[in-house]
Structure formats: C-alpha cells, structure tokens
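Colleague: Sequence:
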Amino acid sequence: MEVRHTTNPADVKQYTTERLRQEFLVEGLFEPNKINMVYSHYDRLIVGGASPVGEALRLEDQETLKTEYFLERREAGFLHIGGGVAVITVDGEAYELSKLDVLYVGKGKQDVQIASKDKNDPAKVYIVSANAHAEYPTRKMTAEEANPTHLGSLETSNERVLNKYIHADGIQSCQLMLGVTTLKPGSIWNTMPTHVHDRRMEAYLYFDVSEEARIFHMMGEPSETRHLVVANEQAVISPPWSIHSGAGTSNYAFCWAMAGENYTFSDQEFISMKDLK
Numbered sequence: 002m003e004v005r006h007t008t009n010p011a012d013v014k015q016y017t018t019e020r021l022r023q024e025f026l027v028e029g030l031f032e033p034n035k036i037n038m039v040y041s042h043y044d045r046l047i048v049g050g051a052s053p054v055g056e057a058l059r060l061e062d063q064e065t066l067k068t069e070y071f072l073e074r075r076e077a078g079f080l081h082i083g084g085g086v087a088v089i090t091v092d093g094e095a096y097e098l099s100k101l102d103v104l105y106v107g108k109g110k111q112d113v114q115i116a117s118k119d120k121n122d123p124a125k126v127y128i129v130s131a132n133a134h135a136e137y138p139t140r141k142m143t144a145e146e147a148n149p150t151h152l153g154s155l156e157t158s159n160e161r162v163l164n165k166y167i168h169a170d171g172i173q174s175c176q177l178m179l180g181v182t183t184l185k186p187g188s189i190w191n192t193m194p195t196h197v198h199d200r201r202m203e204a205y206l207y208f209d210v211s212e213e214a215r216i217f218h219m220m221g222e223p224s225e226t227r228h229l230v231v232a233n234e235q236a237v238i239s240p241p242w243s244i245h246s247g248a249g250t251s252n253y254a255f256c257w258a259m260a261g262e263n264y265t266f267s268d269q270e271f272i273s274m275k276d277l278k
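Residue numbers (this note's numbering): 2 to 278.
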C-alpha cells in the first residue's frame, strides 16, 4: 500500500503540476488480479481498487496497518463501478453487487474477499476505508434504494442524479460517508458553487469517463485555486482545507467519500463565486 502524508496549504501554493499530481492524484487503482490501495494521513482514509479476474482477492495489508486483520479497527465501503457482477464474501457470507451497488462492512469483520461472478466478465470494485471505534452491521444497498435525487439543470450545465449510500439516514457507519453523483448528457460541472468542510477530508473517484475525455478537478484554498487533469477511474485526495469541484469535457460519474470529525452534511462552508481566485 502506498502511504501519503498531509501537506501544508501554504506550501501547496508553490507546487508544480507534477508535484500536485504526486500528492493528490491516485492512478492505476484497477489492475487485473490485484488490490491497489493508497493510505492518506488525511483522516487516515484508504482508497483502493480491485479487479479480480482469477481467484478471489483478500483485503489485507498487515505491514502497513500493523493490525492482525484489515478491519480490526476500520470500516469499509465497496462500490461496484462496472464490468460483471462482483461477489464480496464477508466472514463466509457472500454478497453480489451489480453496477452502482454498495456494500458496507463494519469494524471487526476478519475475512473480506472480492471476486468476480464470471471470470470472463471481471468486476471493478472501488474500496474506501476509514478508522472506526464502533461496530455497525454489514449492509448492501442498490442505487434504487439510495433514493436518487435529481439536482441542477441543463441551463447551468450541472443536471445530475445524487445517490447517498453511507450516511446518517442511509447505511449507518461510524464515520465513513459515501455516495455517487452521475451527470446527465450535456452537463459537466460538479459541486459548483464550491465549498470546504474543514472538519472532514474527501476523496473523489471519477468513472464512466470516455477514453478521450478529461475532468478538470478544482482544488486548493478558495483564494489560491489549482487544478488537476483527471482521466477515467482516477481518484483525487482532497484535504479539508481545499475546495473540491470539477468540470469535464463531457458528462461523467464520480464517487465521493468522506471521513473526519463530523458526520453531517451541514458543516459545509460555501464559497461565493466572487471570492474564488
């Protein structure tokens, strides 16, 4: 597992494009027959990807976590982003996930394995894990059960569907929050006007992006913005002090996941367009 440390916003102002990408962009998550993960020191969030083609892949990394098993002091969310049906087995109990289904697995589960139901049509599973001090039950939720909310409009180029999976009124967790936003054809903007939430970090995974398309992910302090150019199935680690929004050259989807002190959506501090620089 790759480990990334936190950064000082005053220092980030001096970063080159390449340094920004090294610190905040996560590439190569979905490699056949491997689980690739990045451990961020921002609220100890882990993001990862699994694409099982042959045998099942076990979620583990004792060397990095220094624990007996992965979820000894953690919880995790699993989002199926494409391909065939994913099969996630939790302490012997199997759960099948179709595209945009989410499985939450709470603290204390010892054996988690990820497989594809059909090896000729491998699944792609996005993994997000946060520290946990309390146990919550394993639960699966489909996109339909996530109460899709239609937001925005084509006139403002942000017509989209929001699915909230892991949150206070959905799948219960200790601190992890997770959802998916899907932009309609003709819409390109996400989370604009933008905001910050200084008590939570966030990670984005962009997916369903066409091969030639790119996302311009906006980050940085509101008075000192920067951007990352992001391709399909790449993730961005967003510090608590940073804005997080983006515009694509076509429509796309993204998974947003958060961890930190607050377990609410009401701590957002919205930034006026006139204050962005």
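In case anyone wonders, no lab produced these hints; they're calculated from the structure.
Treat each hint with caution, since some may be false.
Within a straight-line C-alpha distance of at most 20 Å, the following computed SDA-like cross-link-like pairs (lysine to any residue) qualify [said to hold, decoys possible]:
1) K35 with D12
2) K108 with D12
3) K278 with K35
4) K185 with K108
5) K141 with Y96
6) K108 with D119
7) K100 with D112
8) K100 with W257
Colleague: All the hints need checking, so say for each whether the structure fits it.
Modeller: How the hints compare with the structure:
1. K35 with D12: violated, 34 Å
2. K108 with D12: With Cα atoms ~36 Å apart, K108 and D12 exceed 20 Å; violated.
3. K278 with K35: violated, 41 Å
4. K185 with K108: Judged against 20 Å, a Cα distance of about 36 Å means the pair is violated.
5. K141 with Y96: holds, 8 Å
6. K108 with D119: violated, 29 Å
7. K100 with D112: With Cα atoms ~23 Å apart, K100 and D112 exceed 20 Å; violated.
8. K100 with W257: holds, 16 Å
Of the numbered hints listed earlier, those contradicted by the structure are 1, 2, 3, 4, 6 and 7.
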